[in-house]
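Starting from the given sequences, assemble the full structure and let the hints guide the process.
Here is what each chain is made of, one letter per residue.
Protein chains: 2
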Amino acid sequence: MNKSFAHKKAVVVGAGLVGSLWTVFLARHGYDVEVYERRSDMRTAGYSGGRSINLAMSERGWKAVEKAGIREKIEKVAIPMPGRMMHSVSGDLTFQPYGKAGEAIYSVSRGGLNLELLNIAGTYPNVRFFFDHRCADVDLENPRITFEDLKTNTLKTVEAPLIFAADGAFSAVRYAIQKTDRFNYTQFYLDHGYKELCIPPNPDGSHRLDPSALHIWPRGNFMLIALPNADGSFTCTLFLPFEGEISFEKLTDNASVDAFFRTYFSDAMAHMPTLSDDFWGNPTSSLITVKCAPWQWQNRILLIGDAAHAIVPFYGQGMNAGFEDCTILDALHDELEGDWSRIIPQFAQQRKADGDAIAELAQRNFIEMRDLVADPKFLLRKKIAAHLHERHPDFLPVYTMVTFSNTPYHVALREDDAQNHLFKQILNLENIENEWMGEGVDEVYQRWKKEG
Amino acid sequence: MNKSFAHKKAVVVGAGLVGSLWTVFLARHGYDVEVYERRSDMRTAGYSGGRSINLAMSERGWKAVEKAGIREKIEKVAIPMPGRMMHSVSGDLTFQPYGKAGEAIYSVSRGGLNLELLNIAGTYPNVRFFFDHRCADVDLENPRITFEDLKTNTLKTVEAPLIFAADGAFSAVRYAIQKTDRFNYTQFYLDHGYKELCIPPNPDGSHRLDPSALHIWPRGNFMLIALPNADGSFTCTLFLPFEGEISFEKLTDNASVDAFFRTYFSDAMAHMPTLSDDFWGNPTSSLITVKCAPWQWQNRILLIGDAAHAIVPFYGQGMNAGFEDCTILDALHDELEGDWSRIIPQFAQQRKADGDAIAELAQRNFIEMRDLVADPKFLLRKKIAAHLHERHPDFLPVYTMVTFSNTPYHVALREDDAQNHLFKQILNLENIENEWMGEGVDEVYQRWKKEG
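Chains as they are written, first to last, in the working numbering: chain G, 263 to 714; chain E, 263 to 714.
Take the hints with a grain of salt, since some may be wrong.
Intra- or inter-copy, both count: the list cannot distinguish identical chains.
As the list claims (entries may be wrong) - Cut-off 30 Å, straight-line C-alpha distance, at most; resulting in silico cross-link-like pairs (DSS-like, lysine-lysine):
hint	residue 1	residue 2
1	Lys512	Lys441
2	Lys362	Lys712
3	Lys512	Lys614
These aren't lab readings, by the way, just hints derived from the structure by calculation. The structure displayed is predicted, hence computed values, not measured ones.
Right, dumping it as structure tokens:
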């Protein structure tokens, strides 16, 4: 703990994943932290699911929770998924490892992780939580912020020399800053929505599908995925266009839902006894990408996590990116000796390119997951990439860079562009289907490497 | 007037250029129109300038004011500008016609035009104005909207089965819709700001520069422009980066402003006796582009003008685009017999591509104006384009399409892409500087035409 900053005050807006993790970091540095959260305290009120996509914790997330001192606790409930299991329409399975032996992403429940972070944050005497408090007004001229206590319907204005806005994709703090001059802002929705569904455990508590994989049913313009939970169940998510030939708007009754699943996901459906209840009980949610700049206001308000860079979930990096914000901010705090007038603009400026890059990579991965994973050319490319990585250890597949390293996202995006160029040449080689380990591939690689 | 719609009510938010013109159209169709405007009534309070860029009225604008019955009135104060007059650093002048003989854009004062439109709208007994009324809340669930009377500080909620939001780039109505699910939205600021300056008339009331041109001092990354006014003055606008080597932030005192103008705009400066007062008296304003979709809410609220598609001013199309919204809406009203449940979604859907296209064209024209107009290759391209147009009347320069025709903007943008491709080939021809009227050009053109 840096003693000189003890008794300095920080306000954190939002006690979701990023807000509560960042609170732990601030608490460890000795700040008096006030955390305001619109929802009720899930430590007493419980966690309400129904519209969550399970989290896939990878290197950047682990690094952050380790720094926060809770890695071991999370590890106990995290389920390793060393690869994707792809389900064809006829039920054939293809397993595709995500990385090398020993590398895996980890299925973690959003509620469980959030709860753990709140519990840890709550152990610090210098942290105070205010649940059921909605951010009502951000004073941009003075260091003050106003919340509405939703239980008493009263307004409360507090001093806030330092505000961290971790209030998510629909950040109230960001909406306030949005109206200031020269603030660039984009919110973009996919034409696809998603719905949470469920594969419950077997009667004996075991998993109905192989739990050591992220299951995907890629169907071109739509897909189903399933991530294992510790209780033997899988959380499934259906991604489907809102409108069109095959879409949510066409699924209007049990008969159409039944026919849709029977046609496209029959092997999954066999494990979904509560399909109808889940389908009608859970909402159809939209998928937003948010980009903005600058991420800060006058060196005293900083947007972090989804408030700064909400992305689509297809790279499994939303939470990981938000947690990495905390790691990077923490390192800057040490480097700049707690001088927020330098930390905040430097973080906002330096990290922005990474937020934009992971947003782009996540959108590209949607195409890959729903579409290309079932494409023989794509599978061939994956095989060649793994092979090149074996032969040339400095050739890192982009998925590996994003998932199993801490390489800045903007470097990974640049590499993705470069590798797309490389594989376009490789896949054009004659007889590449059979010669994919041949000298021709290596020659193209060496040339590409030199050009790089 | 379509009698069956008499006594139907419409609310117009904003009495700027587009709001007041659209009010005239609605009034002519017999609607009871309530117009709410945040500012005071400029018919009594006057018009406050200082941050306006003069308007360049062209075909789309004329078509709309003609339909509204005020073409003649506007023509009396509009000054034709048949071309651009470019001023080099050393004071050399180059005149470049905008179109063919007889074609011109027209310099019009924003305040004067707005006043005229309000006067016309005010002659209809079925129009009621409410000035000093700020839009405070838009009820998205019910056909109601709430305004704050800024003179009494009281709130007033009115029935609004049909709302036209013409409340500009920072539309309050749009901010309300922005938070609804699946609303795509982008606000983007240029790194350049602008400042209004002035060239007053000669003592005898005459213009100090040739009034039959839009004057440009293109200087690469920045520029000065001047548009003539009927009173003998010119309204000038300086476009300059906010930050950087040569920027507003570097102009901190009279000495630096003086040195800057002396270096880059010495011939203009000779005509700017009030430069210092204007520079410090007028604000430095930013330049925003807004794109969003859908432009409507539940077939009863429609965004028009800048509220739907704010663009940068470099094509002189902001007002023209907003006025064209009115013309198109009016035509749809006739075609769909006043059925707003069909007019609104159809307009929003069909017109969106044009809003996006003119936004893109306006940004491209910024590059052209500040930079390329001083580039010999660009001047050559313009010459060849004019020559091709002479020789092949169906070859329309994009500027002509946008400015002197009513071709949909999205068609003009597609043509701009295609012509950029054409001229890339033409300008690569050997000895093109001398052979620009030669057979080689025609051959490339014919080939390009066939491919098209």
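With 30 Å as the alpha-carbon cut-off, assign the pair Lys362 and Lys712 to within, between, both or neither. within (26 Å within a copy, 53 Å between copies)
Within, between, both or neither: Lys512, Lys614 at alpha-carbon 30 Å: between (39 Å within a copy, 26 Å between copies)
At most 30 Å between CA atoms: does that hold for Lys512 and Lys441 within a copy, between copies, both, or neither? between (38 Å within a copy, 26 Å between copies)
Going down the numbered hints, you'll see the structure goes against none, and every one checks out.
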